[in-house]
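Position one of the sequence shown corresponds to residue 1 (UniProt numbering), numbered consecutively onward.
Hints are not guaranteed to be accurate.
DSS-like, lysine-lysine: derived pairs with alpha carbons at most 27 Å apart [unchecked claim]:
| hint | residue 1 | residue 2 |
| --- | --- | --- |
| 1 | K29 | K49 |
| 2 | K224 | K164 |
| 3 | K313 | K164 |
| 4 | K29 | K42 |
| 5 | K328 | K229 |
| 6 | K313 | K328 |
| 7 | K224 | K309 |
| 8 | K328 | K49 |
| 9 | K168 | K313 |
| 10 | K309 | K293 |
| 11 | K168 | K229 |
| 12 | K139 | K328 |
| 13 | K29 | K328 |
| 14 | K229 | K164 |
| 15 | K229 | K42 |
| 16 | K164 | K328 |
| 17 | K229 | K49 |
| 18 | K168 | K309 |
| 19 | K42 | K72 |
| 20 | K313 | K293 |
| 21 | K224 | K168 |
| 22 | K313 | K224 |
| 23 | K309 | K164 |
Label-pair distances were calculated between CB atoms; the ranges are [unchecked claim]:
| hint | residue 1 | residue 2 | range |
| --- | --- | --- | --- |
| 24 | G51 | A96 | 31 to 39 Å |
| 25 | A77 | Y340 | 21 to 29 Å |
| 26 | Q192 | R322 | 29 to 37 Å |
| 27 | N230 | T91 | 28 to 36 Å |
| 28 | D198 | P79 | 56 to 64 Å |
| 29 | N230 | R291 | 26 to 34 Å |
Hint data in this document are derived by calculation from the structure and do not stem from the laboratory.
Every value quoted in this text rests on a predicted model; they were computed, and no experiment measured them.
Cβ atoms here follow ideal geometry from the backbone N, Cα and C, with glycine treated the same way.
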Amino acid sequence: MIVFRVDANEQVATGHLMRTLSIASACRKRGLTCEFWLAEEKETERIAKAGFPYRILETRWDALEDELPVMKQRLQAQPVDWLVVDSYCATVRYLAELNRMVPVFYVDDFRREHYEVSALLQYIPCRERQKTPEGLHEKDGVQYLTGLLYAPLREEFSHLSFDKPREKSILLSTGGTDPYNMAGRILAYGTQMQELQDYLWHVIVGSMNRNEDMLRELAAANPKIILHKNIPDMWRYMQQCEVAVSAGGTTLLELCACGIPTVCFAFADNQLEFAEEMAEHNLLIYAGDVREKDDAPHVICENLVCYTKDAGKRAQSFERMRRLVDGKGAERIAAFLQQYKRDV
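Sequences and hints are given; from them, build the entire structure.
Rendered as structure tokens:
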């Protein structure tokens, strides 16, 4: 049994849940049993739709140390081979105490602490990466899975084809909540730009986007704006569109796997370094932190035009993105989890 401890709500990006679902799906293909544990009943329809059981702990998602008694009681009640934790609220103490009971596999996006766990997943580029070599290796009793080849994307990103020409369209993905209404602001500006008049806009509406009514009004008034919500085949639009605008986060890696030239922005502290590092790798154009830019829609759309007017720049971006992210990270993680289970 592999247990995934993860949350998704108005404050926690859905990317945490989506990447653990990707790992769970790869594990299931190998015959491993998986279950999800969450603090509260939110976004659970995604888990149910994927065919996984889940339990609600009735704890606080932002105070994980307080749930230690509940977690210990549950872990004692059933055999667990791995506890996979994906939460920025997990503390050193929380992980260490649970690791004394079962092997803990922690998704570590920041590499800021020394964690007493059995394994660490560190696939996101960061400025401390030179301290940890790429690939699978062991240090001080901890197994490290490091580098973009371990990016846990959904299965459909592992077998993409690129034989169809892209349409003249822009994919707009601003996260599950879009707290700064970036979709609406970008559409209001971009649809007025002469350079983008020939483009369709495929807009991904997050499940907790509070501006949905306003977006539907924009779409009703402009036939070139097409809204999509709760779509199971996001990858199709990533392959179909010529360019993309995206919030920072794991979606950027899916865009890389699809080789779609992307302008990205950040709206949360935990997105900043990742977006900056991706830009430094020349994988995309980073338009900055929208919390600090009143002219963010203008900056984003002007950068979009840098791609739309230059086919050579788009081709270079495609090649760089596909070289670094091949879409098979979840399979590699599942293979590791299964192998460790055999060896202990």
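Q) Within 27 Å, alpha carbon to alpha carbon, are K168 and K309? A) The hint holds at about 12 Å.
**Q.** Assessment of proposed distance window 21 to 29 Å (beta carbons of A77, Y340)
**A.** holds, 22 Å
Q.
Need the status of pair K29, K49: alpha-carbon distance at most 27 Å?
A. holds, 16 Å
Q) Is K164 within 27 Å of K328, Cα to Cα? A) holds, 22 Å
Q: Would you mind confirming whether the straight-line C-alpha gap from K313 to K328 stays at or under 27 Å?
A: holds, 26 Å
Q. Keeping to a limit of 27 Å between CA atoms, is the pair of K309 and K293 held or broken?
A. holds, 25 Å
Q) Between K224 and K168, does the CA-CA distance stay at or below 27 Å? A) Answer holds: K224 to K168 is near 11 Å, not above 27 Å.
Q: For the pair we were handed, K224 and K164, check the Cα-Cα distance against 27 Å.
A: holds, 22 Å
Q: Return holds or violated for the Cβ distance of G51 and A96 against the range 31 to 39 Å.
A: holds, 32 Å
Q) Does K49 lie within 27 Å of K328 when you go C-alpha to C-alpha? A) holds, 22 Å
Q: Could you grab the alpha-carbon distance between K313 and K293 and see if it respects the 27 Å cut-off?
A: holds, 26 Å
Q) How does the Cβ-Cβ distance of N230 and T91 compare with 28 to 36 Å: does it lie in that range? A) holds, 33 Å
In this structure, every one of the numbered hints holds.
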